[in-house]
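So the chains spell out like this:
Number of protein chains: 2
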Amino acid sequence: MLATVIHAARDIRLEDVPRPQLSTGRDAIVRVVASCVCGSDLWPYRGVTPTKAPHRIGHEFVGVVDSVGEQVSAVKPGDFVIAPFYVCDGTCVNCRNGVSTSCLNGGWWGGEVREEGFADGGQGEYVRVPLADGTLAVVPGPVADEEIPGLLTLSDVMGTGHHAAVSAGVEAGDTVAVVGDGAVGLCAIIAAKRLGAATIIAMSRHPQRQALAREFGASHVVEARGDEGVAAVQALTGGIGADRVLECVGTRESMDQALRSTRPGGMVGYVGVPNGGPELPVRPMFNRNVGVNGGVAPVRGYVEELLPDVRSGAIRPGLVFDLELPLTAVAEAYAAMDERRATKVMLRP
Amino acid sequence: MLATVIHAARDIRLEDVPRPQLSTGRDAIVRVVASCVCGSDLWPYRGVTPTKAPHRIGHEFVGVVDSVGEQVSAVKPGDFVIAPFYVCDGTCVNCRNGVSTSCLNGGWWGGEVREEGFADGGQGEYVRVPLADGTLAVVPGPVADEEIPGLLTLSDVMGTGHHAAVSAGVEAGDTVAVVGDGAVGLCAIIAAKRLGAATIIAMSRHPQRQALAREFGASHVVEARGDEGVAAVQALTGGIGADRVLECVGTRESMDQALRSTRPGGMVGYVGVPNGGPELPVRPMFNRNVGVNGGVAPVRGYVEELLPDVRSGAIRPGLVFDLELPLTAVAEAYAAMDERRATKVMLRP
Numbered sequence: 001m002l003a004t005v006i007h008a009a010r011d012i013r014l015e016d017v018p019r020p021q022l023s024t025g026r027d028a029i030v031r032v033v034a035s036c037v038c039g040s041d042l043w044p045y046r047g048v049t050p051t052k053a054p055h056r057i058g059h060e061f062v063g064v065v066d067s068v069g070e071q072v073s074a075v076k077p078g079d080f081v082i083a084p085f086y087v088c089d090g091t092c093v094n095c096r097n098g099v100s101t102s103c104l105n106g107g108w109w110g111g112e113v114r115e116e117g118f119a120d121g122g123q124g125e126y127v128r129v130p131l132a133d134g135t136l137a138v139v140p141g142p143v144a145d146e147e148i149p150g151l152l153t154l155s156d157v158m159g160t161g162h163h164a165a166v167s168a169g170v171e172a173g174d175t176v177a178v179v180g181d182g183a184v185g186l187c188a189i190i191a192a193k194r195l196g197a198a199t200i201i202a203m204s205r206h207p208q209r210q211a212l213a214r215e216f217g218a219s220h221v222v223e224a225r226g227d228e229g230v231a232a233v234q235a236l237t238g239g240i241g242a243d244r245v246l247e248c249v250g251t252r253e254s255m256d257q258a259l260r261s262t263r264p265g266g267m268v269g270y271v272g273v274p275n276g277g278p279e280l281p282v283r284p285m286f287n288r289n290v291g292v293n294g295g296v297a298p299v300r301g302y303v304e305e306l307l308p309d310v311r312s313g314a315i316r317p318g319l320v321f322d323l324e325l326p327l328t329a330v331a332e333a334y335a336a337m338d339e340r341r342a343t344k345v346m347l348r349p
Numbered sequence: 001m002l003a004t005v006i007h008a009a010r011d012i013r014l015e016d017v018p019r020p021q022l023s024t025g026r027d028a029i030v031r032v033v034a035s036c037v038c039g040s041d042l043w044p045y046r047g048v049t050p051t052k053a054p055h056r057i058g059h060e061f062v063g064v065v066d067s068v069g070e071q072v073s074a075v076k077p078g079d080f081v082i083a084p085f086y087v088c089d090g091t092c093v094n095c096r097n098g099v100s101t102s103c104l105n106g107g108w109w110g111g112e113v114r115e116e117g118f119a120d121g122g123q124g125e126y127v128r129v130p131l132a133d134g135t136l137a138v139v140p141g142p143v144a145d146e147e148i149p150g151l152l153t154l155s156d157v158m159g160t161g162h163h164a165a166v167s168a169g170v171e172a173g174d175t176v177a178v179v180g181d182g183a184v185g186l187c188a189i190i191a192a193k194r195l196g197a198a199t200i201i202a203m204s205r206h207p208q209r210q211a212l213a214r215e216f217g218a219s220h221v222v223e224a225r226g227d228e229g230v231a232a233v234q235a236l237t238g239g240i241g242a243d244r245v246l247e248c249v250g251t252r253e254s255m256d257q258a259l260r261s262t263r264p265g266g267m268v269g270y271v272g273v274p275n276g277g278p279e280l281p282v283r284p285m286f287n288r289n290v291g292v293n294g295g296v297a298p299v300r301g302y303v304e305e306l307l308p309d310v311r312s313g314a315i316r317p318g319l320v321f322d323l324e325l326p327l328t329a330v331a332e333a334y335a336a337m338d339e340r341r342a343t344k345v346m347l348r349p
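Top to bottom, those sequences are chains A and B. The letter at position 39 of the first sequence is residue 39 when you use UniProt numbering, and the numbering goes up by one with no holes. The letter at position 128 of the second sequence is residue 128 when you use UniProt numbering, and the numbering goes up by one with no holes.
In isolation and in its complexed conformation, chain A is listed as follows (with noise of 0.2 Å):
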């Protein structure tokens, strides 16, 4: 079968790898519907992150069951089902926490998750599931082709920004900023919007990115940065600040604009990964009562209250996907998404 593998930076090719076999018992085969390539794809792909040796790479995507272990119960051959962006059981103390991307037994796609061996990457035709009863959710009856952009999402970008709103206590009438402008702020939007927000901020400067996030319920856009973006986001705002700031990308820049455009006793929400790990300025976050929460975020426990939400098209997460593109394209796929050219690209066998 076909599977995306990573040689080096810039490297990426479709490879013929061996179809993967059930072997724990716990573990089923999926055959893959749709995957895609995650901002955080870009980083190996860039050389940010080394590629010490050659490895599967993909790590969002939805399929139908093919097979199962002898151990698993919550998912049987012909489900559709969604896969987060990691693996977990669903069952350690931890995933009882609603912290499944800490799972004590779980692990990573591309990866060894521990006593479960090799998890494939996304990116290709078949995947074996370890863990299946923790990591797959089911989407019950049959799945028309149009949802599955949006089933899509639920597997990384949009769990990952509701992520962020529910980290930073959105609630009811709140003024929202949105720091970052790909899938996952988006995504943010969308997120900030479902939980009652009154005032979304976004903040972006690329025009199409902008529609879309007054598509999702952001009421303004600023495109300014630095003390410019905080002022602008004062301007609207009372002077003060918004209540709740969602950190969408994970630089220095980015957690800087967001703890200064959050006003006294505010939270930010953050899950872009820290790219390079920026520490925080603790005395002015103690001197404003400006709060940090957030981390990688546990979606697979976002599935079943999104889901509901996505199917019946209240919320449209699957529009952040402007290309997509057959799995024998995946090189383009990395190309396109590094040099700004989409936003996000869904991949079909």
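Hints were generated in silico from the structure; no laboratory data involved.
Sample of chain B residues facing chain A (criterion: CB under 7 Å; computed from the structure):
hint: 1; residue: G98
hint: 2; residue: P264
hint: 3; residue: L280
hint: 4; residue: R283
hint: 5; residue: G291
We put the beta carbon where it would ideally sit given N, CA and C, even for glycine.
Starting from the known structure of chain A, arrange chain B on it as the hints suggest.
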């Protein structure tokens, strides 16, 4: 009248100063019944923050209203009042948002308060209280002498400990660790217990403070620090860390202890004034979804909630005072706290 003036590091003097006068129409003159020395007063005392010119000091006091300006309506002469460690109007947007320490018109004792003029230090015989309607909290009815210590803690340490617990999101059934065994840390134990924490781990090496911690509700005491301290907390929490950790010191080491003692998905509530500005390591916070929330505690807004429990004896924060001295011995009060001979010193004019 007599008031405390700091001239330089370790140079605290009780001096004869002019008795304050009403001056803005919005102020009140309060006869101080009791005041105290704060851990943060030790910063200028120790020279950590320089004293450029002699100035009045002290920011925690209770007393009886002597006179009020013509626009004051919430307090009247004869009222027993609690003054928080800052001045606030109670009506600006930040005050309405529950962050009265960021009052747009407020300020700090011993300094200038915007249009309100000089705010006396609290360690004196009389204090002019700017913005009296917002700043002062009235204690209804007769006040017994034995109530004074408990009421005085509402000016700072009890409200600050409560803020740590509220900021961390302590809920019934939680496991809570408290870093710091000073007056604030001890009050944080009271607050955690009051909010329903099922397990409270006090990190303390000081025998008398350990005893008080247990009296206030700590179920476990951990003496170890650093890696050993983290391991000890994990051993008491099923290997994952505490749900909520209350950081009540403000050093890099104490914040590190707090962050690493928190379970994935947990929250650090911090109220220790950041000493030297430790920065927060965002990557390990991100990886484990550990949030940080808190800051300079808006204690004025907590008085109404906490006062009934203090008066009924349901909570006994007044026990943190382990030394009482006359105001004339204020220099000794500072020395006793500096040398850790006392946890918290109460001064009576």
